[in-house]
Amino acid sequence: MLNLSFETPNPGYRLLLALVLGTVLMLLDQRTEQVQVIRHSVGYLTAPVHYLAHLPGAMGSWVTGQARSRSDLFDENEQLARQLLILQQRVQRLAVLEAENTRLRELLNSSSELDTGVLAAEIIGIEPDPSRQELIINKGSHDGVYRGQAVLDASGLLGQVVDVGPFTARVLLITDASHALSVQVNRNGVRAILAGTGQLGIVRLLFVPDTADIEEGDLLVSTGLDQLFPRGYPVAEVVRIEHDRSAPFARVDARPTAHIDRASHVLLVEGPRHLGLRVGEQPDDPGPATEERR
Amino acid sequence: MRERKASGTGAIVITFLLAGWLAILPLPDALALGRPEWLTLVLIYWVIALPHRVGVFWGFGAGLFQDVLTGSVLGQHAVALSVVAYIALAMHKRLRVFLPLQQVVVVFLLVGTGSLLSYIVQNAVGRTLLPPVWVLLPALVSALLWRPLFAVLRWVRHRFLVR
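Protein sequence lines, in the order shown, are assigned to chains A and B. All residue numbers for the first sequence refer to the working numbering, where the first residue is -11 and numbers rise by one. All residue numbers for the second sequence refer to the working numbering, where the first residue is 2 and numbers rise by one.
For the record, the hints were derived by calculation from the structure and aren't laboratory data.
Simulated restraints, written as ranges between beta carbons of each label pair:
(1) A:His253 <-> B:Ala31: 24 to 34 Å
(2) B:Ala31 <-> A:Leu72: 36 to 46 Å
(3) A:Thr90 <-> B:Val14: 53 to 63 Å
Sample of chain A residues with no beta-carbon within 12 Å of chain B, all distances over it, derived:
(4) Gly53
(5) Phe62
(6) Gln71
(7) Ala83
(8) Arg91
(9) Arg93
(10) Leu96
(11) His130
(12) Asp131
(13) Gly132
(14) Val178
(15) Arg179
(16) Arg192
(17) Val227
No residue lacks a Cβ here, since even glycine has one placed at the ideal position from N, Cα and C.
All chains, full assembly: derive it from the sequences and hints.
Below, the structure written as structure tokens:
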């Protein structure tokens, strides 16, 4: 048997207290939002650590940036100028289209809109646990980030904010195995649930009947029905469909359109739920999209 | 025992912060599977070195810090590190006189216990993809790093007069 020899009074009571406290914390964390206060205050301590962990990578890219040749920069500059021209031309058309869209919606008495507030952030960390797909970004509650906010990159939806610290926030990616959101096929409006698989670069449509009109190459866009993500952003592209007669549903694999493993800057946009809310107001539940799947 | 004035709390806290920094430093995927449990190792060292000061509550605090740092369930690492601190506290006298190899084995068991406890919690909330055997790899790497870390932390303790 263990011969317990302590220098202090028996710490068994302390252990008991720690175990009870820890268990209560775990239960509260799973069931309620109250302990977010603890997370937020410890966040003051963890934020500098996250920023420091980002430092080596940031210095690396700074050095590569410094070491680039003049001609490379000229080339890139020229390319960006060309890209800008193309985008500006598109934006010109967009203004007209948007005005027309608003007019038509007014005619239809529909109040939904696409335009939302946007906040840019930089990715400063990646979740070290390989079984979870999460990112840390350099904006927190002091910048107005809130739980459930949608995160995009230049080419598609990336995920949602699940934890907010004072100066950092944690983003759950759409490829995480516990993530799901409502999408529709851009071509014909067929709706389905898009779930993560835990593997980078693969997401899967759930409960798709064998007869559903979905083809390889179809673009999946967010519907906004989950009350979390804004409507109409590209999410993924269908890459493979398998029909198995013994299975009740078809297996549809898709690839996220966002550059999940390459993005360094992201955009935070307000979802449909927040358009009517005042700044700083928080919904009490994170919504159906974060429900645990078993 | 002789009453001594406690000093050097700042140095202890900074070693924990540095351990947290090492715990989230980006690593290639292949190496990330064997990432050592830095916070557990640092906690074990301080418990053995200063059992009258660093104990179960330090473990709880360090665990809570790790929970927020890695975004796990609040209390997951807090409970695990409390238990590790308690066991280390219970056998700190023997650990001090153990041969290096014996120490490495005990550290392996301690880190493994902590990781398994936190694995159980993680599994209960459905956030594990790998089988529990993978817990052994970080524990093994941690045990191998014990002696070098021990030397570094002992230097820190003497240099900053932590008592």
